[in-house]
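Peer 1: Here the structure of chain A is known, so what remains is to put chain B in place on it, guided by the hints.
Read top to bottom, the protein sequences are chains A and B.
Going letter by letter, the first sequence gives residues 124 to 428 in the working numbering.
Going letter by letter, the second sequence gives residues 8 to 123 in the working numbering.
These are calculated hints, taken from the structure and not from any lab test.
Certain hints may be false.
Here are the simulated lysine to any residue pairs, SDA-like style, with alpha carbons at most 25 Å apart [stated by the list, open to error]:
| # | chain 1 | residue 1 | chain 2 | residue 2 |
| --- | --- | --- | --- | --- |
| 1 | A | LYS333 | A | LYS389 |
| 2 | B | LYS78 | A | LYS389 |
| 3 | B | LYS70 | A | ARG199 |
| 4 | A | LYS230 | B | LYS70 |
| 5 | A | LYS333 | A | GLU304 |
| 6 | A | LYS169 | B | ALA110 |
| 7 | A | LYS323 | A | SER361 |
| 8 | A | LYS224 | B | LYS78 |
| 9 | A | LYS348 | A | SER361 |
| 10 | A | LYS224 | B | ALA110 |
| 11 | A | LYS241 | B | GLY121 |
Listing some non-contacts, in silico: residues in chain B with all C-beta distances to chain A over 10 Å [stated by the list, open to error]:
| # | residue |
| --- | --- |
| 12 | GLU38 |
| 13 | GLN71 |
| 14 | ALA74 |
| 15 | HIS104 |
| 16 | ALA111 |
Glycine included, every Cβ here is placed at the ideal spot set by N, Cα and C.
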Amino acid sequence: MKTRIRSLLASIAFTGLLGGCATTAPAELVQARTSYAASSNGLAAKLTPTELHDAWAVLAKANKEFDEHGDTTMCRDYAYIAQRKLQLADVKARTEQDRQKIAEAVKAGVVVRDTQVKNTRAALSATREQLKDERRDSNAKTAEIEKTAEQLELEKAARMTAEARLAGAMKDLATIAAIKEETRGLVITLSGSILFASNKYALLNTAMTKLDQVAEALKAQDADKRMVVEGHTDSQGSDRINQPLSVNRAGAVRDYLVSRGVDSDKIRAIGMGSSRPLVDNRNAENRANNRRVEIVIQPSHLSVR
Amino acid sequence: MMKELMMSVAIVGLMGCTAVQIPAERLQRSEASIRGAEEVGASGVPAARLHLQLAKDQTVTAKQMAANGEKRALLVLARAESDAELALGLAREASVHDDALRAAQDLKAVRDRGTP
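Next comes chain A alone, as it looks inside the complex (with noise of 0.2 Å):
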């Protein structure tokens, strides 16, 4: 190309020596010529080699005209053409640049969004183990809630049988002892007649029998509560008496219903003696009613060793 460029001015140079005094290249030349010498530095030596060389060979006919004939109309139309061939090979040069930029931000745009796809399924998979942990742990969660809920309907149904199983055993032993609601505790009240021949504490068989529906009661109430036998006497005989007396026969109440099943660690028996008679023992029936004992379920609150 610079052997061209050389050989173009080489050539204006001797026309300028032979003929240029007396001939002034014309204005189209002149601009061909300045075009090429641009074009042939540019964009369009690299990228249209072959439409530049079109040009040239149009202007070298131009140049050829001008140094054979000088200015004439056919010297003008050959710069002219070589002029539009110069700007097309320029045109085409920088259309074949755009090219290659949409080529490259095409390339680079599979590149980026290659990338974010693979960062997008990087993202999602973690989600997607994340969300396989979470659901494993409400699986075990709803598990553990499905359990404990069946366990709850269990124990209250267990609840509602052992309730069921109070209220029909306070309902028979209602039938043979009185049952009131104290603040110290449920008190069951037993005759001391129907459980003891006069001054013993040996229990009679037909004591038994009705100590068997008392041990059902007892049972039946709630595993934390704690529960105190009472012996009681009349104030006929001393203290001396008395005393042993009341201790042995609730001894003696407890130790049975020991036997029949109730927990020897909740249930512990006293004597009270004639201290806490029900009511004077100015009569034979009076006397009678405060002989007795009593087995006094304590309230939760209460129920401390």
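Peer 2: Relative to the frame of chain A, chain B by itself:
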């Protein structure tokens, strides 16, 4: 002698009036370039529109010159053809340049979107 001279003048006169024949293939090529430029939207690109018009005008001129027996008709047709090709090139350039700008914008948009 006079007769021969008269014949020569007649022949020269006939030759002077003879139309210049533009090769059909040349004319077709020029007209095809004009049509091509129009099809790719040269009329909508100012620089291309100018050369398209020059191409059309020069084609008409070339035909008239050919009809008048002017030998320059072929060169004028060549000028027309070069203008038509330039119009076509300019129209294509405008279209491809728009595509390049769009591609760059698309790429920027994709990059800006970033990684989710």
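Peer 1: Work down the list of hints and note, for each, if the structure agrees.
Peer 2: Hints and how they fare:
no., hint, result
1, LYS333/A with LYS389/A, "holds, 20 Å"
2, LYS78/B with LYS389/A, "violated, 139 Å"
3, LYS70/B with ARG199/A, "holds, 19 Å"
4, LYS230/A with LYS70/B, "violated, 49 Å"
5, LYS333/A with GLU304/A, "holds, 20 Å"
6, LYS169/A with ALA110/B, "holds, 23 Å"
7, LYS323/A with SER361/A, "holds, 15 Å"
8, LYS224/A with LYS78/B, "violated, 45 Å"
9, LYS348/A with SER361/A, "violated, 34 Å"
10, LYS224/A with ALA110/B, "holds, 8 Å"
11, LYS241/A with GLY121/B, "holds, 12 Å"
12, GLU38, "holds, 17 Å"
13, GLN71, "holds, 16 Å"
14, ALA74, "holds, 18 Å"
15, HIS104, "violated, 5 Å"
16, ALA111, "violated, 6 Å"
Going through the hint list in order, the structure does not satisfy hints 2, 4, 8, 9, 15 and 16.
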